[in-house]
Amino acid sequence: IARWGPNGANSDLRLNLTNSTQHDNGDREYGIMPDLVRIVVVEEDPFVIRRSEPILGDYYEGFSIDLIKRLAQELKFKYELYVSPGNVYGAKNLLTNQWDGMVNEVLSGNATLACGAISITSARETVIDFSLGVVSTGVNILVKRPDEDLTIFQFMMPFSLELWMAILGASTLVTIVFFAMDYCSEEDRRFTLKETIWFTIGTLLKRGTDFAPVPISQRILTAGFLFFVLITVSTYTANMAAFLTIKNFGETVNSFETLAESKKIGVSTVINSATMAFLKNDQGQKNVYKKIWSKVLGSNGQVVNASEGMKKVKKGTHAFIFDYLINEAFQNRHCDVMAVSNPILLQEHGIGMMAGAPFKSHINIALLKLKEEGFMARMKKKS
Numbered sequence: 001i002a003r004w005g006p007n008g009a010n011s012d013l014r015l016n017l018t019n020s021t022q023h024d025n026g027d028r029e030y031g032i033m034p035d036l037v038r039i040v041v042v043e044e045d046p047f048v049i050r051r052s053e054p055i056l057g058d059y060y061e062g063f064s065i066d067l068i069k070r071l072a073q074e075l076k077f078k079y080e081l082y083v084s085p086g087n088v089y090g091a092k093n094l095l096t097n098q099w100d101g102m103v104n105e106v107l108s109g110n111a112t113l114a115c116g117a118i119s120i121t122s123a124r125e126t127v128i129d130f131s132l133g134v135v136s137t138g139v140n141i142l143v144k145r146p147d148e149d150l151t152i153f154q155f156m157m158p159f160s161l162e163l164w165m166a167i168l169g170a171s172t173l174v175t176i177v178f179f180a181m182d183y184c185s186e187e188d189r190r191f192t193l194k195e196t197i198w199f200t201i202g203t204l205l206k207r208g209t210d211f212a213p214v215p216i217s218q219r220i221l222t223a224g225f226l227f228f229v230l231i232t233v234s235t236y237t238a239n240m241a242a243f244l245t246i247k248n249f250g251e252t253v254n255s256f257e258t259l260a261e262s263k264k265i266g267v268s269t270v271i272n273s274a275t276m277a278f279l280k281n282d283q284g285q286k287n288v289y290k291k292i293w294s295k296v297l298g299s300n301g302q303v304v305n306a307s308e309g310m311k312k313v314k315k316g317t318h319a320f321i322f323d324y325l326i327n328e329a330f331q332n333r334h335c336d337v338m339a340v341s342n343p344i345l346l347q348e349h350g351i352g353m354m355a356g357a358p359f360k361s362h363i364n365i366a367l368l369k370l371k372e373e374g375f376m377a378r379m380k381k382k383s
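Position one of the sequence shown corresponds to residue 1 (UniProt numbering), numbered consecutively onward.
Hints listed in this document are in silico derivations from the structure and should not be mistaken for laboratory results. Since the model is a prediction, treat every value here as computed from it, not as a measurement. Yeah, the Cβ is synthetic: ideal placement off N, Cα and C, and Gly gets one too. You may find that some hints are simply not true.
Straight-line Cα separation of at most 25 Å, SDA-like style, residue types lysine to any residue; simulated pairs [stated by the list, open to error]:
(1) Lys315 - Glu328
(2) Lys92 - Ala355
(3) Lys290 - Ser122
(4) Lys381 - Ser52
(5) Lys263 - Gln302
(6) Lys206 - Gly224
(7) Lys194 - Ala166
(8) Lys381 - Tyr59
(9) Lys264 - Ser299
(10) Lys380 - Leu346
Computed spacing ranges between beta-carbons, pair by pair [claimed, not checked]:
(11) Cys335 - Met181: 52 to 60 Å
(12) Gly86 - Thr151: 43 to 51 Å
(13) Met156 - Asp66: 51 to 59 Å
(14) Thr151 - Lys381: 33 to 41 Å
(15) Gly57 - Ser361: 34 to 42 Å
(16) Arg38 - Cys335: 34 to 42 Å
(17) Asp147 - Cys184: 50 to 58 Å
(18) Asn300 - Gly169: 50 to 58 Å
(19) Glu53 - Ser299: 34 to 42 Å
(20) Leu193 - His334: 53 to 61 Å
(21) Gly86 - Lys371: 29 to 37 Å
Please construct the entire structure, taking both the sequences and the accompanying hints into account.
Written out as structure tokens, the structure reads:
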């Protein structure tokens, strides 16, 4: 039976022959999928994660693994997984004009499918086919969370030590003067030494006391001290708010613009990735990404995979620019890093396959069905 298969502009094979005979028990159409589908992956949390247990041994889990299992159920095929050589997605070597990684595995016929966090780009689309987008993603920044040196004396930070000593000295002086005035007063004494100290503390904390001075001299002194307390407390409150604001937001990068202008931190990204290509070739008028690319080169920021980039972030020497789903997964597992900025370079991850693959439309239909069932949304939330 002849079948017309529109598999993309780069497809050399438009018309292919398949046998409509049912395979074994008739679970699937013979010839649509190979008897054994070899799937090349890249180990990248949360898409493909290697686990090891004493009983189960080594095994994989993650977003892409769950997707592969569902596709195998829908399309009735058996599969085997293996890791891409070098654990890379695939980029073109401009000197040899050859591709590496997952793309080369598909081109050479070693792999039937390439599944994982592989972005659909125009360069890759010229040599292999992609399915419909599996998941939408983008690029953001991962940075080390600012260190918080919490101490029991942190409340004293808004004022200098000299100012605290001055406040203590002024309060002590007021206490002594109050006691002396009351001691020399001919009226009934209200301010014993204990009551005088308590009155000064209550006034300083703006709480007041159950008793008040009666003589005019003590009332004048009280009014002056209250004015001093008003100015001191207002200044302390304003300084504390500013101190907390600076501590929370002033010590870290929070956008691509601030990263480009930062002098204290380097930038890293995965070599030969779609993110690197964007930073390297961006022609935007703001020159923000050109500055960031210069920082990547100047800080030795090209890493072979995301795990190496994460290590640089945890050391506090670099910010890491990469797929925001990968960055957020790392943030969820490590409390000393955080993802910042809104995602840019919005793109799709897809399933790669040989150009003109006859099963492309079947994979697309299965993906659409899974999306309609909410499978993709559940897996994305789970990851």
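Now the hints, each set against the structure:
| no. | hint | in the structure |
| --- | --- | --- |
| 1 | Lys315 - Glu328 | holds, 18 Å |
| 2 | Lys92 - Ala355 | holds, 17 Å |
| 3 | Lys290 - Ser122 | holds, 21 Å |
| 4 | Lys381 - Ser52 | holds, 24 Å |
| 5 | Lys263 - Gln302 | holds, 18 Å |
| 6 | Lys206 - Gly224 | holds, 14 Å |
| 7 | Lys194 - Ala166 | holds, 22 Å |
| 8 | Lys381 - Tyr59 | holds, 22 Å |
| 9 | Lys264 - Ser299 | holds, 11 Å |
| 10 | Lys380 - Leu346 | holds, 16 Å |
| 11 | Cys335 - Met181: 52 to 60 Å | holds, 57 Å |
| 12 | Gly86 - Thr151: 43 to 51 Å | holds, 47 Å |
| 13 | Met156 - Asp66: 51 to 59 Å | holds, 53 Å |
| 14 | Thr151 - Lys381: 33 to 41 Å | holds, 39 Å |
| 15 | Gly57 - Ser361: 34 to 42 Å | holds, 36 Å |
| 16 | Arg38 - Cys335: 34 to 42 Å | holds, 39 Å |
| 17 | Asp147 - Cys184: 50 to 58 Å | holds, 55 Å |
| 18 | Asn300 - Gly169: 50 to 58 Å | holds, 54 Å |
| 19 | Glu53 - Ser299: 34 to 42 Å | holds, 39 Å |
| 20 | Leu193 - His334: 53 to 61 Å | holds, 56 Å |
| 21 | Gly86 - Lys371: 29 to 37 Å | holds, 31 Å |
Of the hints listed earlier, there is not a single one the structure fails to meet.
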